[in-house]
Amino acid sequence: MVGTEQKDTMEVSATINGRNRRFRVEPRVHLADALRDELGLTGTKVGCEQGICGSCTILVDGTPMRSCLMLAVQADGREISTVEDLVKGPSLGVLQDSFHRHHALQCGFCTAGFLNTALTFLRRNPEPTRDEVREVLSGNLCRCTGYENIVDAIVDPAVLEAAAKGEL
Amino acid sequence: MKKHEVAEFVPKATGTSVLRREDAKLLTGRGKYIADIQLPNMRHVAILRSPFAHARIVSIDTSQAAAIPGVELIWTGEDTAPLTIGIPTRHADPAFQATIQPVLAQGVVRYVGEAVAVVVATSIHVAEDALAEIMVEYEELPAIANVEQALESSDLANDTLSSNVIYRSARFNDDVDSVFASSACTVEGNFRCSRVSAAPMETRGALAQYDWTTEKLTLWTATQMPSFIRTMIAMFAGFAEHQVEVITPDVGGGFGQKAHLHPEEILVCLLARQLGEPVRWIEDRQHNFLAATHAKQQHIDMRLAFDAEGRFQALETRAVTDSGAYNNLPWTSLVESHVGNAVVLGVYKVPKVRDESVNVATNKVAIGAYRGVGFSAPQLARETLIDKAARQLGISPFEIRRRNVVRPEEFPYTNRMGMTMREGSFLETIDTLEKMVGYDAFRARQEEARARGKYLGLGVSVFNEVTGVYGFGTYASRGAVVGAGSIGRAASIVRERMKQLAANLFETSPDDIVLDGGKVHVAGVPAKGMAFAEVAGAAYFAEETHPAGFDATLEATANYDPSDLVLANGGHVAVVEVDPETCRVRVVDFYAVEDCGKMINPMIVEGQMRGGMAQAIGMALLEEIVHDENGQLLTTTFMDYLMPTAQDVPDIKIEHLETPSPLVPGGIKGMGESAMISAPAAVFSAVNDAIAHLGVSIETAPITPERLYQAMYGG
Chain A
1 MVGTEQKDTM EVSATINGRN RRFRVEPRVH LADALRDELG LTGTKVGCEQ
51 GICGSCTILV DGTPMRSCLM LAVQADGREI STVEDLVKGP SLGVLQDSFH
101 RHHALQCGFC TAGFLNTALT FLRRNPEPTR DEVREVLSGN LCRCTGYENI
151 VDAIVDPAVL EAAAKGEL
Chain B
1 MKKHEVAEFV PKATGTSVLR REDAKLLTGR GKYIADIQLP NMRHVAILRS
51 PFAHARIVSI DTSQAAAIPG VELIWTGEDT APLTIGIPTR HADPAFQATI
101 QPVLAQGVVR YVGEAVAVVV ATSIHVAEDA LAEIMVEYEE LPAIANVEQA
151 LESSDLANDT LSSNVIYRSA RFNDDVDSVF ASSACTVEGN FRCSRVSAAP
201 METRGALAQY DWTTEKLTLW TATQMPSFIR TMIAMFAGFA EHQVEVITPD
251 VGGGFGQKAH LHPEEILVCL LARQLGEPVR WIEDRQHNFL AATHAKQQHI
301 DMRLAFDAEG RFQALETRAV TDSGAYNNLP WTSLVESHVG NAVVLGVYKV
351 PKVRDESVNV ATNKVAIGAY RGVGFSAPQL ARETLIDKAA RQLGISPFEI
401 RRRNVVRPEE FPYTNRMGMT MREGSFLETI DTLEKMVGYD AFRARQEEAR
451 ARGKYLGLGV SVFNEVTGVY GFGTYASRGA VVGAGSIGRA ASIVRERMKQ
501 LAANLFETSP DDIVLDGGKV HVAGVPAKGM AFAEVAGAAY FAEETHPAGF
551 DATLEATANY DPSDLVLANG GHVAVVEVDP ETCRVRVVDF YAVEDCGKMI
601 NPMIVEGQMR GGMAQAIGMA LLEEIVHDEN GQLLTTTFMD YLMPTAQDVP
651 DIKIEHLETP SPLVPGGIKG MGESAMISAP AAVFSAVNDA IAHLGVSIET
701 APITPERLYQ AMYGG
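Protein chains in written order, with the working numbering: chain A, 1 to 168; chain B, 1 to 715.
Don't read these hints as lab results, they were simulated from the structure. A few of these clues could be false.
What the hints assert, rightly or not - Pairs of lysine-lysine residues, derived as DSS-like cross-links and limited to a Cα-Cα distance of at most 30 Å, are as follows: (1) B:Lys499 x B:Lys519; (2) B:Lys653 x B:Lys454; (3) B:Lys12 x B:Lys2; (4) B:Lys2 x B:Lys653; (5) A:Lys88 x B:Lys454; (6) B:Lys598 x B:Lys653; (7) B:Lys12 x B:Lys528; (8) B:Lys598 x A:Lys165; (9) B:Lys12 x A:Lys88.
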């Protein structure tokens, strides 16, 4: 940010995508904004800032959290993982590749949130039914796909196999 | 070549579900949407919006806000008036009451959410802090909060208009009264489709940068129509068109909401020129509900007349659009009922029609385009009434439609309202849907479920859809038609040049040259050929091989305009289950048939269908923009405005038909809006079918549990 006339800031020290990061931020700034603006991690999207759409879902100590409902200062001492961290490249991970094959994204704005929600769910439950998947996904809004292809992507055999092996 | 003609088109990969190239970046957080673009020294915009639906602005004091460190500029309507007229609209018919929406209110606000002031600051937080310090004194004026008030009150929603009727059209006035009086079966309903929001997951946003040394304005904006925005910015923000470049970043959904010129787009350009630094506006969800266009709100009083065999005798419709205080650009408020009435006959043969469309001004944000535009509401009304007539006559909803759709031997068929259909698979659509549903067994299932205390219902909707219109962006299902046509024409220009050069190289006529599999060779003699790249190399580097007058430009731009309307068609069936105690509605089965001619990529086609059908469930059962009696907007979050979730949308069964268009290369038609044109009707009618045995009906969308309770049990 350019020459911001910032009010009092606090220092935050957290492990973000595997790296120790330190930054200063006003207490009122939420974590989604801090990730995007302070750390340049723009893969986390802000869809409503009201905690409902789930586009901003990240992992905090392995648990999916709505980063728009967390203050950045609450990340201090935590392990944060965003969509940028899920795949090292140069090829997509199993879940991402499944989304690709099943056309489980169109505009892509909600996708990071769905990936984080799906990953943590599959780690807990590697043999879900379609209805169980739909229930878990009900906290992530998608306007483009109608959800069916996302469900297909999550129960894809390659994905469930990786989940069962603990490789997700 | 006439502008609708294209040379021979030999599709090779069409019909295959090719995976998307853009997925990798979107799956790894590398997409660049408008809010992800950072420029050095970028400034941030916050907009102060009116809390009143209709009020005079008595005074605005920005002095305290301006004193906040980091605030660089605050403008009100006084500052923008000399710089821009705002957004004017017009129509060929002088009876249309044109409006001009200022970019910042000029002395009066006409809807809750109208922009009153703009703050530019070094951070968005500082800009929003400043909003709270701007002191505005308002004097409230009577608010026109709904259609009834607009028509009955002498107060004006917009005092630049001479009345609250923006436009009235009544194109057909057959003598239907005597038909209705004598018909064996008449059905009618007063349908109310509520206001909804297209609600893309990404809100709107724009970033402008002006460089006075090059006199170049660059506008990044989440739009569906960059070329159109460029021309409009030039016209209304006071730039020469050649100075303006509009860049569309990755866009997080539009569905029509981003197919308008937004006042904020003009504003950031003016601010960028004023400040000499990049200026970015990113809308939050609350402001998106307040200030982005709404859609679908029509009141439709419709009646249908049938003979004893269920054949259409007449259709009468009166549709009133709750238009808001201003017309949007470019569609105007006529995008709802005026447009909808033009296609109200759909694929049916109806001998007599009386229609009327009225657009009324209200103190709400402008109504605008949203997938399916003005077609969704009349389709909902008509198909619900057709199903009702079928029940009354004891005919199946599939059979009654079979008796009324245009038949293949009748093409080309021009309906009573002047729309010509050249081809279409209406009968096949109905037969396919009936088989997919297993309709023979359905009525028995319905009866059995009723005995168990669950009310099942089935609704049918059959449609056709205009695709491929001339224009300037991704809307109106035109992408495939216009894309195929223009790509085909541009490709044929380059193809002809390649053939000319190869003909010269092989001492034969261009007509004997074939381009195939990466090679250019003499027809029937593959050995007498070269690789594509070699011919291209000769074009660029070996001038001695060129024939006389040869144009070595292996690049072409072409435009294309289909010579006539290109109509896709299809249908939907929804099966719903109503819980008689909670009055909650569940869509248990959902079927779709789509005929968009020769499909280019079935995966993409089905993605559009499934996404649109989810939105259809939203329109029929969940989504409602609510204003109170003072025009105050009550739904500004997703807690109040219910979006379909993964639990609201069932798995969908799809079948495809392919009736090629004779007008478009490859037989391609467009699609994309079909689900929102037709599927809301199927869901809505299904609920009516579920409660028909109680002798009641419901005519307001969305069908909330509360509304359904009142319909079923009264009081």
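A quick look at each hint next to the structure:
no.	hint	result
1	B:Lys499 x B:Lys519	holds, 11 Å
2	B:Lys653 x B:Lys454	holds, 23 Å
3	B:Lys12 x B:Lys2	holds, 25 Å
4	B:Lys2 x B:Lys653	violated, 41 Å
5	A:Lys88 x B:Lys454	violated, 51 Å
6	B:Lys598 x B:Lys653	holds, 20 Å
7	B:Lys12 x B:Lys528	holds, 23 Å
8	B:Lys598 x A:Lys165	violated, 43 Å
9	B:Lys12 x A:Lys88	violated, 35 Å
Figure legend: structure checked against the earlier numbered hints; hints not met, in rising order: 4, 5, 8, 9.
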